[in-house]
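Asks: What follows is the residue order along each chain.
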Amino acid sequence: MTATTAPYAATPLRATRQPSARLRAWATRAPLLPALVFMIIVTQLPFVATLVISFFHWNSLYPKARHFAGFDNYREVLTDPDLRHSVWTTVLLTVTVVLVSLVLGLALALLLDHRFAGRGVVRTLLIAPFLVVPVAAALLWKHVLFNPEYGLLNGLLHYVGGPQPDWISNTPLMAVEAALVWQWTPFMMLILLAGLQSRDPEQMEAARVDGASEWQVFRYLTLPHLRRYLELGALLGSIYIVQNFDAVFTITSGGLGTANLPYTVYQTFYQAHENGLASAAGVLVVIGSIIIATFALRVVSSLFREEVSRA
Amino acid sequence: MSGIAVTLKKHRGLSIGLLAWLVGIVFFLPIAWMALTSFHSEADAATNPPSFAASLTLDGYRQFFGAGGGASPWPALINSAVASVFSTVCVLLLALPAAYALSIRRVKKWTDVLFFFLSTKMLPVVAGLLPIYLFAKNTGMLDNIWYLVILYTSMNLPIAVWMMQSFLAEVPVAVIEAAQIDGARLPTILARVVAPIALPGIAATGLICFIFSWNELLFARVLTGVVAETAPVFLTGFITSQGLFLAKVCAASLVVSLPVLAAGFAAQDKLVQGLSLGAVK
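Chains as they are written, first to last, in the working numbering: chain A, 1 to 311; chain B, 1 to 281.
Check before you lean on any hint, since a few could be wrong.
Calculated pairs, SDA-like style, for lysine to any residue (alpha carbon to alpha carbon, straight line, at most 20 angstroms) [what the hints assert, rightly or not]:
no. : chain 1 : residue 1 : chain 2 : residue 2
1   : B       : 270       : A       : 40
2   : B       : 109       : A       : 40
3   : B       : 137       : B       : 149
4   : B       : 270       : B       : 203
5   : B       : 270       : A       : 199
6   : B       : 270       : A       : 198
7   : B       : 270       : B       : 89
8   : B       : 270       : B       : 170
9   : B       : 137       : A       : 62
10  : B       : 137       : A       : 60
FYI, nobody ran anything at the bench for these hints, they're computed from the structure.
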């Protein structure tokens, strides 16, 4: 850019015929503006409204009783045992699902990195869980797999003479986690497989020639190379799973101690009509997300810079 | 060393292949079982132990499409198609120029702008859900599919801008400058020069936006009702279904997932890059 503008600046006579620098700058930005303005109106304004509502006592069944509450809603959210429990559930659900699906995804990616007959078919089989509509996947786990009487899990256990537990009642949170791990493992696998395939083959070959064992190659070459991809998978997974609504809503309807924050916020305003309280909980979800996002942006930007410097 | 270990070592390639196939089948099993169950009669679907050899029937699908007196899923499927297709078109129309400005014309502080787009994706949906609901209620936009189109556009726009800027970065700048010297204006450049070169990337972006819109539940659940109900909301009607309609539930889940499965398999290669916001190639 500077290279092309410099000659104009040096010859004022031509510069008068060119649009002014400010106009040119706006012309450059203009194509960006519709998207930018749209995003600010549709995503930022509602959040500001949420922030404002969070400082009011406001039950939508009693709209006349609306009044300023200061930090009351936040105090209530942070001290209410149910809401506090949903914070804990959110953390537990997110961390478990992300870690388990990341480890499984890594194992699968390492398998699929080898050449074998039908690799493309296996890859397609593995991606499929990620491509089932989330509500449908949750229904599948709830009714078709977990049902204590005719579910596939207990059906298979029947053949080996195993117990016939009621999965959702006995281990509700694990039931939700299992369904989410099944859906998210393919996503982790896809990212890590891309990471594996971007390794430098010459470097790998050199290490093998120098007599490094498979484990040493994995530990000292592959794993450090995968670090960024593992971080990226973990952070993107966290962003989506922290916000998960579909699985909790479908499998347990937030019951049995599985209500996470998004479900609780939904329930607080949609069923309990507590607008102020729901907004305060929503703001707290945002604060939690910002903490994750700060790390996420750092990781993405470092990957991004690497790409730019390569180009 | 035991005989098995020696054999495994000798046929390492083969055992890795077998293991991968085994894991692939285990992961796919729930879907395969759902597909099989959807073709069983309700009586055969709800048995323990499971009936593998039961006769096949289309009753589950007939039931789902409303033959048994239940509500027809067609309005919900059409609503989902409208919301997904129109929001995807809107996203592409907004994202293409934005990505062009960010990747080719290099707006000053362009990384900051990119990060702003990305950060909106990290703003949880629940953070704005109540005002969005109240606005719809007060303007009579509740249960209106076009309101959902606007929201889905905002939901997918950040991802689309990110993905596309990485695809557009591959368009040679010289080609664009040549078009500019020939006097082409922005819309012409986008439509005649940039879009054809970046077409595979734009198509993949569109497919991913389509998938996300088709899958979305929370907005649709809160903002739609009878008229604008989408397919995922229709599926939530099966949440409490006890036993009797297992084949119907399976048929419904498969039918609703079919467009996403098709789109996903079509975009397989670009899926990773898209879902990781263009950071992984």
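Asks: Hints first: check each against the structure and report whether it holds.
Replies: Hint check results:
no.: 1; hint: B/270 with A/40; verdict: violated, 28 angstroms
no.: 2; hint: B/109 with A/40; verdict: holds, 18 angstroms
no.: 3; hint: B/137 with B/149; verdict: holds, 16 angstroms
no.: 4; hint: B/270 with B/203; verdict: holds, 10 angstroms
no.: 5; hint: B/270 with A/199; verdict: holds, 19 angstroms
no.: 6; hint: B/270 with A/198; verdict: holds, 15 angstroms
no.: 7; hint: B/270 with B/89; verdict: holds, 19 angstroms
no.: 8; hint: B/270 with B/170; verdict: holds, 15 angstroms
no.: 9; hint: B/137 with A/62; verdict: holds, 16 angstroms
no.: 10; hint: B/137 with A/60; verdict: holds, 12 angstroms
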